[in-house]
Amino acid sequence: MEPILDETSLVPCPSWSPAARVLGLARTLQAFDDLGASRVLRSVRDAADRDIGDGFGLRRWCFDRATDRDAGRLLATRLASQPFIDGDGGLFAAAERARAVEAKVGGSPVLGAGLAALTDGVIAPLASASRPAGGTLTVALTYLDEAGERSETIDVPAFASADEVAPQRLMLLERIDRSVADGRAVLSRAGELFPRLRLGTRAVDQIAALTGREPVFRQLLRHLRALDVGATRWPEGEAFEPGGVTYSVESKATLDDGTLGPMRDFPVPEGFEAERWSLHTKLTGGAGARLYFRAARTGAEAVVLVGYFGDHLPTVRYRT
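Under this note's numbering, the first residue of the sequence shown is numbered 19, with each subsequent residue one higher.
It is worth saying that the hints were derived from the structure and are not from the lab. Warning: the hint list may mix true and false statements.
What the hints assert, rightly or not - Heads up, simulated EDC-like pairs for lysine to aspartate or glutamate below, C-alpha to C-alpha not over 20 Å straight-line:
1. K300 / E254
2. K270 / E293
3. K122 / D51
4. K122 / E170
5. K300 / E319
6. K300 / E288
7. K270 / E254
8. K122 / E192
9. K122 / D82
Remember, it's a predicted structure, so these values are computed and weren't measured experimentally.
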């Protein structure tokens, strides 16, 4: 899921300062970041230069002395991300494919909200006194192709402040997960999606091989997220708990078995000591996959190591 800037919100606001509006948008993006959304802000090409106050655009206000320094730089960096929405080769044209599409909100043409409607996205407007909250935008789409003309309306979620993100967490996580196509995409975005996880080489190879069509693929994302969230909530001195997923400890008999025990000696991520893996979550579907993990601390930071993701391994009770 890539947040999209609503270009229609890039207008002056007499009662809210541009600095406050920049800070608000930056905090909204940070709230998306915390959920694992792609760290970009899709926008039209001239978004940085549209007048939002005193004749200046975001390009100037992001670096104004009145603007929070970190917020301004975060937003300025995101605005530089290509591809842009508009123009030949832009994201809207790519979403049109072999058809012409017109998108309107309240009778006025829109690009950002139109792209969100076409791609299951969300928009982030620059909040103002006249538009202080997000909510839902109804986008009217008109398609024209060889089959003729047709129309439909799609409701697009809009978030004008960071406070609006948490109540929609589950919906946003579903959209983020739908944007992850396969195992290689999981790995390429692991730092955004699961910043507290550290993957061993075997787990990396196993996840990379996933096509995204496996019965357990979406469950894998849920289990990885449960481990990641568990790390953020792990009180020092207490046992680690991955909330929301079923997990088990391997039996001592299996771990001590001369054949079965070494099957749990997976590679550990760089910088961590090797030991036989025991804790594992249980995924349903397919062959009953297992995800072996171990919680650890690196200084003040809690992390979760992942050593294996794959079929249920044999045990002393169920040998194959």
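Consistency of the hints with the structure:
| no. | hint | verdict |
| --- | --- | --- |
| 1 | K300 / E254 | violated (25 Å) |
| 2 | K270 / E293 | holds (14 Å) |
| 3 | K122 / D51 | violated (28 Å) |
| 4 | K122 / E170 | holds (11 Å) |
| 5 | K300 / E319 | violated (26 Å) |
| 6 | K300 / E288 | violated (25 Å) |
| 7 | K270 / E254 | violated (26 Å) |
| 8 | K122 / E192 | violated (26 Å) |
| 9 | K122 / D82 | violated (33 Å) |
Of the numbered hints stated above, those contradicted by the structure are hints 1, 3, 5, 6, 7, 8 and 9, listed in ascending order.
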